[in-house]
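Participant: Top line first, the protein sequences correspond to chains A and B. Letter 137 of the first sequence, counting from 1, is numbered 137 in my numbering, and no numbers are missing. Letter 47 of the second sequence, counting from 1, is numbered 47 in my numbering, and no numbers are missing.
No lab work stands behind these hints: they were computed from the structure. All C-beta atoms, glycine included, are put in the ideal place defined by N, C-alpha and C.
Heads up, simulated DSS-like pairs for lysine-lysine below, C-alpha to C-alpha not over 25 angstroms straight-line: (1) Lys51/A x Lys377/B; (2) Lys377/B x Lys57/A; (3) Lys251/B x Lys216/B; (4) Lys246/B x Lys148/A; (5) Lys57/A x Lys246/B; (6) Lys148/A x Lys251/B; (7) Lys323/B x Lys126/B.
If you want the footprint, here are the derived chain B segments under chain A, 3+ residues with CB under 8 angstroms: (8) 247-256; (9) 259-270; (10) 383-389.
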Amino acid sequence: MSRQAKRGLLGISLVLPSFLILVFIVVLPIIGSLKESLTNDGGGYDLSNYKFLFTDKLMRSNIIFTLEITVISSLLVLAISYVLAVYMRFNNGFAVRWIRRMYMIPIFIPTVITTYGLMQLLGNHGWAARILYHLGQDSLPRIIYDMKGIIIANLWFNIPFTTMLLGSALSSVPDSVIESAKDVGAGRLRIFWRLILPLTYKTLLVAVTFVFMGVIGSFTAPYLVGPNAPQMLGVSMEQVFGVFQDRQLAAALAFFTFLLCSFIGYFYVLSMIKEEGMRRS
Amino acid sequence: MLNKKKALSLTAGLVLAGAVLAGCGSDKKAESAADGGGNSTSAPAASSTEFTFYYTGSQNVDDLWKTLIPMFEAKNPDIKVNPVYVASGTAAQPTYDKIMAAKQAGKGSGGVDLYESSIDDVTKGKNDDLWDSLSAGPIANLNNVDQQTMKDVSNLAVPYRSSAVVLAYNSDKVTAPPQTLDELYDWIRANPEKFAYNDPSTGGSGSSFVITSIYKFLPEEAIHNSDPSIESQWTQGFDLLKDLGKYVYGKGIYPKKNQGTLDLLASGEVDMIPAWSDMVLDQIAKGQLPASTKMQQVTPGFNGGPTYLMVPKLSDKKDAVYKFLDFTLSPEAQAEVVNKMQGFPGIKLSNMPQDIQDSFKGVSEGYRTFSLGDLGKDINQRWQSEVAAQ
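Based on the provided sequences and hints, a complete structural model is requested.
Facilitator: What follows is the structure in structure tokens.
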């Protein structure tokens, strides 16, 4: 066997385990649910489940609701995390030290506990309402059982990890680059737009992928603090599968959610390929 | 050069992963070995049988079995009960499907030796010929049960406890609770946002309110009809529920699970809810609900009734299961049902200690037993699209 062939075989054998895991855990179930979602009541195959997904008033409002929450949450998480990460990177002092110690805490609190905590805090007769009442404010706007509640929960769940990601990207921006830019007279804004943002752009993309996928598939918080209708897709999927026992429709919902995620994943992969191409040339 | 390095690090990674996995594997082996060892020391008779018991309900049901099973095992060291708790509402159906599928595939009872569920599953299983016919021969305490109840289920299930949905209200705010369904609707309209019922797909008390409201407009005997043709008569009931939507808590917020509405009552956000009597009594006793909480049954009543234990016909551990059922129906175990979860005992009250008999004085059997079969699913579906999403 030639050296070339040997190395080729080694390469394949190294890739094979992860490839097989991917096939059995990801690809086959997706094909399975695609097939399931295309099955109609009579046992034949057609697009009736997908048609229902986009024509039924309830399902359509569920999809729009999910997308709204996902987009708003993602944008807010990114904005807040980025500001926090930049602040921690370029400042040093009492506040920064404390933020650095505290901002990871939400990661260690289980989702359900956080959600119940939020309900206690923001509910109609919750802590926030009671404190506001003593300050002379009569009523709190409805937060629990509303879109706002889900978004607040999403912020809590996603900001710590995103800040950590962005923080590590920002810390790899060398001080020397920034100082030399300052030396040639670049202003703060210019340094941000021309240096910092481009250097952390890729991590930003990774972060948005994580947040988007995490939020779109979330269940606990939307189930407990969300409204009865419209629901987020995860909650609706559970209801369609577990309560109405319409497996085909649940599969269609799952596949549609997968498509939404892969849409975001596509941009991520695209930028990775571009990056690889640049490195090679 | 770089490639070689990459390959090397990859191999190293794989070896590491392999080692970790192997570690996990051996851990598991060690664990099961320890398990085996434990068993053999605690049960030297070696004839120990283990049967699997699937039950469903709210947390209080789980707590009850977590008390009863050790009591039983202490008395019968040769029998081990393997409890499988399935959370209420959404997850119960798959257990029935599992037993059914195992039967169709010729694979015995699918690993389920005892199953706890409502009257709907008893009836369904009767038609599918799933349940074992029970007699007082192996289960002596079956004689303690009201024979009429046993006849109603053709001896296919053991009614081991009862509970009913009632109105729970804050007696500080409500002085004259509604006595009939119509009075209840009037009360809801007259006190906007002070009444809540939970999403019917997530718990029995909300489901009871929805079903009772729908069947209010149908003839009395319709509550035992599981024929889909009756669905066309639901419209009037759904219109009522849609109209009530404006008056319930948050102008159309339906909390999740039985506990969701109880929380609202406890925090004072609402003054009246439909709730399971056992949950209300239990939570008043534990101080989770204020002592001012009172209960009221309306006429025609909300649904309620016994919860049943069924033995799949194809189970191969029936002898052990019979012993367990016998224990469950003993006055000692039934006292736990009363004390632990404030349920009504499954056996006739005359078999219970005097103090328990006294505590049930005046609790009339105001509830009605509904058996709608699969129709409940359709009600939930229609409720979701017509009432929740109006």
